[in-house]
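*Asks:* Model the full structure from these sequences, guided by the hints.
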Amino acid sequence: MAGLAGENRKAVVIEHEFETRAVLSRLLKHVGFVVQEASTGEEGVDLATRSNPEVIVVGYGLRDIDGHETLRRISARVNALLLAVLETNDEFEVVHAYDSGADGVVAKPIKEREFRARVDSFVRRQDNINNLLALRERRADQILRHRNLSLNVVTWQVMIDDVSVELTATEFSLLRALLVYPGHVRSKKELARILSDEDELEAVDLYVSPAAVRSIEVHIANLRRKLGDSAREELWIETVRGVGYRMIGPHETK
1 MAGLAGENRK
11 AVVIEHEFET
21 RAVLSRLLKH
31 VGFVVQEAST
41 GEEGVDLATR
51 SNPEVIVVGY
61 GLRDIDGHET
71 LRRISARVNA
81 LLLAVLETND
91 EFEVVHAYDS
101 GADGVVAKPI
111 KEREFRARVD
121 SFVRRQDNIN
131 NLLALRERRA
141 DQILRHRNLS
151 LNVVTWQVMI
161 DDVSVELTAT
171 EFSLLRALLV
181 YPGHVRSKKE
191 LARILSDEDE
201 LEAVDLYVSP
211 AAVRSIEVHI
221 ANLRRKLGDS
231 AREELWIETV
241 RGVGYRMIGP
251 HETK
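By the working numbering, the letter at position 191 of the sequence shown is numbered 191, and the numbering carries on one by one without gaps.
Simulated from the structure, these hints should not be mistaken for laboratory data.
In this text, a Cβ means the ideal position worked out from N, Cα and C, and glycines have one as well.
Heads up, none of these hints are tricks.
Below are the BS3-like pairs computed for lysine-lysine, each with C-alpha atoms no more than 27 Å apart in a straight line:
#1 29 x 108
#2 189 x 226
#3 226 x 188
#4 10 x 29
#5 10 x 111
Computed Cβ-Cβ distance ranges for the label pairs, DEER-style:
#6 112 x 88: 16 to 22 Å
#7 181 x 152: 16 to 22 Å
#8 113 x 249: 41 to 47 Å
#9 185 x 22: 43 to 49 Å
#10 26 x 88: 19 to 25 Å
*Replies:* Right, here's the structure in full:
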């Protein structure tokens with residue numbers, strides 16, 4: 001993911017309704033983004049791939065390819081925060097959006113303060129990560145390793161043996177949180193707080209919404225699939241029932 005410092009922040013808004021597109025663009029500009037717009041899915045996928053933005057907002061009323069397919073194509077090509085703008089807050093649609101690669105969802109009509117707070121939180125979290133990475137560049141622990149899996153906190157590259165694994169920003173953050181303490185259980189609420197701009201070293205198991213917990217379950221499921229886990233064989237991430245998740249240790253592969 002490109003750096004978020006200075007005036008180089010870029011965003012892409014993909015939305016068919018002119019009024020909604022204008023609102024989303026205005027809100028992003030208010031927090032320092034240079035915004036490009038597209039009114040169709042095909043145009044949006046091409047624009048996002050070429051411009052490599054930090055934030056991409058995808059509306060679900062697109063006239064050519066639908067929002068799910070647009071998200072799926074973008075998440076496979078671009079490492080960015082993906083926000084889905086849904087026509088409804090129906091639970092099925094919300095879960096489907098996460099399954100398609102969304103990092104967060106908002107429903108129409110847009111709640112401006114909530115949307116801006118969500119983007120602000122992402123910017124702060126990424127700035128904190130970038131500051132942490134800058135400090136770590138002088139140290140030898142730039143790469144977290146677990147068995148034959150490695151995660152480079154500077155280049156955002158994940159490898160299993162010599163094969164690169166493409167992850168979204170959220171999946172990368174979750175894997176990193178699990179790798180910091182391999183073998184230790186991290187609760188769903190703790191992981192949700194880490195993704196919500198909390199210092200992971202101080203994250204505590206306070207209340208988070210059921211939707212946030214559900215989003216962690218969906219992101220972990222997507223992460224597992226990309227790492228090669230399956231329902232019949234957990235190679236990397238183990239579910240600890242009623243608690244959360246942990247990395248499977250070197251002698252615990254099932």
